[in-house]
Structures are given as C-alpha cells and as structure tokens.
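Take the sequences, apply the hints, and build the full model.
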Amino acid sequence: MASPGVVLPIPSAPSAPLPARPGGDNIAHGPGQPLSAASAPTVLNRSRYPPNNGELRSRGITEHGKDVVCAIYLTVMGMGAFAIRPHLWVKVILPILVTLATTIASLVILFSIALGPQAHLFIKLSWPDWLAWTVAVLCVLVEVSVVNLIVLLVLFGQVQSDILRSILEEKGVIAALRDEKGEVPEQNCMRDVCHSIGFLLVRLPLLLLTLPLNAIPVLGQVAWILLNGWLYAWELEAEFMVMLDNRFSCDHQLKFVKNHFGAFFTFGAGAMALELIPFVGPWVFFATNACGAALLAERFHEERKRRLESERDLEDESSSS
2 MASPGVVLPI PSAPSAPLPA RPGGDNIAHG PGQPLSAASA PTVLNRSRYP PNNGELRSRG
62 ITEHGKDVVC AIYLTVMGMG AFAIRPHLWV KVILPILVTL ATTIASLVIL FSIALGPQAH
122 LFIKLSWPDW LAWTVAVLCV LVEVSVVNLI VLLVLFGQVQ SDILRSILEE KGVIAALRDE
182 KGEVPEQNCM RDVCHSIGFL LVRLPLLLLT LPLNAIPVLG QVAWILLNGW LYAWELEAEF
242 MVMLDNRFSC DHQLKFVKNH FGAFFTFGAG AMALELIPFV GPWVFFATNA CGAALLAERF
302 HEERKRRLES ERDLEDESSS S
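The numbering of the sequence shown is our numbering, which starts it at 2 and goes up by one.
One thing to keep in mind: the hints can contain errors.
Derived CB-CB ranges, DEER-like [as the list claims (entries may be wrong)]:
#1 SER311 to ASN247: 15 to 23 Å
#2 GLY183 to VAL219: 49 to 57 Å
#3 VAL194 to LEU255: 18 to 26 Å
#4 LYS172 to VAL281: 40 to 48 Å
#5 SER311 to ILE94: 38 to 46 Å
#6 ARG179 to VAL203: 28 to 36 Å
#7 ALA176 to ALA84: 19 to 27 Å
List of simulated lysine to aspartate or glutamate pairs, EDC-like, C-alpha gap at most 20 Å [claimed, not checked]:
#8 LYS259 to GLU303
#9 LYS172 to ASP317
#10 LYS306 to GLU184
#11 LYS306 to ASP317
If you're looking for bench data, these hints aren't it; they were derived computationally from the structure. In this text, a Cβ means the ideal position worked out from N, Cα and C, and glycines have one as well.
This is how it looks when you write it as structure tokens:
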C-alpha cells in the first residue's frame, strides 16, 4: 500500500505508430526513436493511386471554369465562322422573310392589346408610372421574342441542324466519327422537326413559368435568360450527342449536360440573349449560334478523344507491368 503523500507515476500507454499515407510524409516511429533508414518514409508513385476527393473537386472546378470561358469565346467565334462562309448565308433567307413578317405582326398586335393592360397592372401594384410603362415595354419585347423563338424552332429547326452538320463536316469531325463507329445518323428533315417540337414542349413551360421575372428591370431579363439558356444549348447539341456517344435517351444526354454544365449554361445564355434581339436576333444570330454550337461540339469531340487516348495509355501501362 502506498504511503500518503507519495504520488505513484502512472505509466503512459505506448504511442501507436501513425498510419502511413501513400505518397505522404507520415513517419511510423515511436517517441524517442531515432529516424533510421528502415523507418524513413517511402516515396511512392502517386500516379498509381487514384486522386482523393479534394483533388477531384479541384479538378472539376477547373474544368468547369474552362468550359465557361470557352463557351463565351465560342459564342463570338460562331459569328466569325458564319461570316466567312457565304454558302451558309442562303440557308437563312427563308427564316429572315418569315420572321420579318411574324415580328412586325406580333409587334403591332402586342403593343396594341398587351402594352396598356400590363402597364396598368404594374401601376395598380403602386409602381411609378415611368417604371410601369418601361417594364411593360420590356415585357412586350420579350413576348415578341418568344413568338419568334417558337416560329424558328417549329419551322426552321432543321436549318440550324444543317448549319451545324456543315461545319462539323468541314472540320472533319463527322468523318472521324464515321471512321470510329462505321456510321453516324444521317440528317432527316422530319426527325429534325419532331426534335424541335419535342424540345419546344419542354422549353415552353419553363419560358412561361419564369416570364414574370421580366417585371424586374434588367436583372429580371438577365435571370430569365440564364434560367432558360442551358436548355437551348442542349437542344443545339442534342443531335451531336447522339453522333458522339449514341446518347439517344434524355437520361444519357442529361448526364452529359451535367458533366459540362458550365459550357451549356454559359453558351446557352449568350446564344439566347443574342437571338432575343428583335429583327437581328432571328435573322443573323439564329445562324451564328448554330456555328458556335458546332465549334463547341468539336471541342467535346477533342476532349473525348484525349480521354480515350489517356485510358488506352493507362491500360497499356497496366498490361506491361
């Protein structure tokens, strides 16, 4: 029995060695033990270990950032691609004539019967008169653009498909896909019309549900375009996704859109904003956006090609080791 006043030392538990992490700098030795060659950390080849979640997240953020910048750039490059190809200009003559008629008709009708009621509605909500009428004018212009958008999608969706295919053929993308797959789906006017109507049935409810955002000056129009643009980019790239990876179902295409959402979000918003400009949008930017979509599709094809080459290199390394 210990005498009072004497404190017995309590033996400390032996410290457990720290677990080693692949490629890390943890040292598995106890306290007081000298670092020997045997206990020195072994430097491992990190390429043989999968990246951790932080690295994957950082890489994903970087890729999305590149997609955003590239999509903005390609929206502008589409204008140049269309300008230097006179053989594409003839494809937009009929859309110009039709949208000229629909734009004039919708402007006259909507300014006559829709401008006043919308302005008075905002005034009843205690808005100042100048703001109510300004917002009412903006709403009518957006409504005119929606009418033109519906006309273009239903009647001339195949024109955008034709322009996109023409650029991809010129760039050698379709030829490369034929060499890889043996064949790619050929253009079909009826299929393009059904494709446009199908996307219209999806896009139109979202366009109408978010239309009240246009009551907020400037910021409302920006938000409306951002919320609806990515679906427009999906529509432009849907046919190419089928050619690239046989993504026929909406689920498979949606997965591709999610993986490149930065590109679809940014390109779609820019393209839709350009097409909403009265007169010039349906006449010119309707075609330049198809060219930009083709350049974006070319980028997706190059990215897939690099990924497949990287996977083959890894398989060769694993088989050789």
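Violated hints - listed by number, lowest first: 4, 9
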